[in-house]
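Peer 1: Protein chains in written order, with the working numbering: chain E, 2 to 148; chain F, 2 to 148; chain G, 2 to 148; chain C, 2 to 148.
Some clues are possibly wrong.
All copies of an identical chain are treated as equivalent in the list; a pair is satisfied when it fits inside any one copy or across any two copies.
SDA-like mimics (lysine to any residue), calculated; alpha carbons at most 20 Å apart, straight line [said to hold, decoys possible]:
#, residue 1, residue 2
1, LYS132, GLU142
2, LYS90, GLU72
3, LYS90, ARG76
4, LYS132, THR79
Hints were generated in silico from the structure; no laboratory data involved.
4 protein chains.
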Amino acid sequence: MSSNAQPAGSSSLEWHKYPVQVYPHHTDYAGVVWHGTYLTWLEAARIERLQALGLGYHEMVNLGYELPVVEINIRYHTAVTMGDRIIVKTRLEARAGVRIILAHRIESVDGSRLHVSGNLTLVAIDRTSNKIARTLPEAIEQVISSL
Amino acid sequence: MSSNAQPAGSSSLEWHKYPVQVYPHHTDYAGVVWHGTYLTWLEAARIERLQALGLGYHEMVNLGYELPVVEINIRYHTAVTMGDRIIVKTRLEARAGVRIILAHRIESVDGSRLHVSGNLTLVAIDRTSNKIARTLPEAIEQVISSL
Amino acid sequence: MSSNAQPAGSSSLEWHKYPVQVYPHHTDYAGVVWHGTYLTWLEAARIERLQALGLGYHEMVNLGYELPVVEINIRYHTAVTMGDRIIVKTRLEARAGVRIILAHRIESVDGSRLHVSGNLTLVAIDRTSNKIARTLPEAIEQVISSL
Amino acid sequence: MSSNAQPAGSSSLEWHKYPVQVYPHHTDYAGVVWHGTYLTWLEAARIERLQALGLGYHEMVNLGYELPVVEINIRYHTAVTMGDRIIVKTRLEARAGVRIILAHRIESVDGSRLHVSGNLTLVAIDRTSNKIARTLPEAIEQVISSL
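I would like the entire structure built from these sequences, with the hints used as guidance.
Peer 2: Okay, here's the thing in structure tokens:
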């Protein structure tokens, strides 16, 4: 390997950014975003990340696979208020076969405030057997590899 | 017909009652229930109504039918606040074949305040053809008839 | 008034367009968008419409006013499937003082399929008195007028 | 104290049980409960637990305090399907001042299947200062202590 070779998986060091605007249905009585709402944004950010790599989530499903969340570990740092515009950051944290850990950070647009941080673990499922997939079709493998 | 005979379909004159407790995730920044949340309660009330008549909604789906909402006409009268306990009332308003109109009223437990009123229209769908069902299996027909 | 004057409120004839991508959390067991999910999109479309005219919804709230939904009349024509990209169209249907009726159409991106159509009625509320606003501050009135 | 005495705080060893019925709006395209939906049930279970001890969550808010979620660590073991009836179990895992860790298990009614397990961390907030509460009013302290 030459000295200037790219390290394997280096793309994972860059954050994918997904912007969100906060609407009333995201909030609760306290005037801030309800804690469960963030999971809808993490899902949207994750799917947009895959799509940017060429794989629509519905295409993955049509190919017979899914990528459900099997573990959530997140911390809430500061609240997000109605009308705020925030950025959901996503990047690959680790991968072991069909098990993928994504790191997330939800920040203010200027990056000065951290609202949420944590990891979500996903596992590829074969829809036919309804079990963990042993291998993935090339079209999916390629995209997961380039995460 | 004697003067004190019950009118046909009189069961539809009685309201089925489904109680709800308001939690934070039901509310928005204004401290009251977000307008879309009520649709989750109408769905729960409708399904409990069918279940009380002997038909679980998942059983209907397993039999190859669904009862999706095709029209919503509702008015919001007074807001519902976090911690409130309210009653979702449901009854048959009209039926024409596989098209059903349910009337709803959402009221305070003591009945003194009306929060929401209106109608939802549902149509039975055959899951195989993905079209409006022409007829319904006996198990479903019986329950719809006794609504 | 000259014969070629623009009719009053002519801006209302143009639809404001808000694009949506369908994610898993929007759908239900039937593989299509759950009927209540559309209300989150109508809310987002409505707020983006106001924002395009210069009024953030949170700014309206900070000024002491809200614009809650008081009536919903919508029909579901064809289902929307996961992965679909659709357009939420919004325009002013009618206005009487602080009472506003917005017309909505949810269509496929190419406009060939109509998914949802209908009206939402909103009423401006004064947050201090928690009653219907008699008049609106200039900053809000101007935006509502130009809807 | 005799050697077989119950350890202090033994009440925390008992699970509070909150039953849930799965409706369509809880599910996603895969026919099972969407992963974020469980947070609405954990919230309901937690509030019912406090209420059973004599403290409505809205009463806590009226007293000037909140108990927001600041950390989530949960694992999904097996999916929950539409129509299922399940039990959400809650108990105190640990407490350090105004910081509380609740353990949760979501199981089938007969206890034979584990669907979700994990911990949620909550911190009492003083609504006036919008900061972590130093102490709690007696009415709240008593209930938290008896968790």
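Peer 1: Now, for every hint given, state plainly whether the structure supports it.
Peer 2: Now for the hints, and whether the structure bears them out:
no.	hint	result
1	LYS132 - GLU142	within (17 Å within a copy, 37 Å between copies)
2	LYS90 - GLU72	both (18 Å within a copy, 18 Å between copies)
3	LYS90 - ARG76	within (14 Å within a copy, 22 Å between copies)
4	LYS132 - THR79	between (38 Å within a copy, 11 Å between copies)
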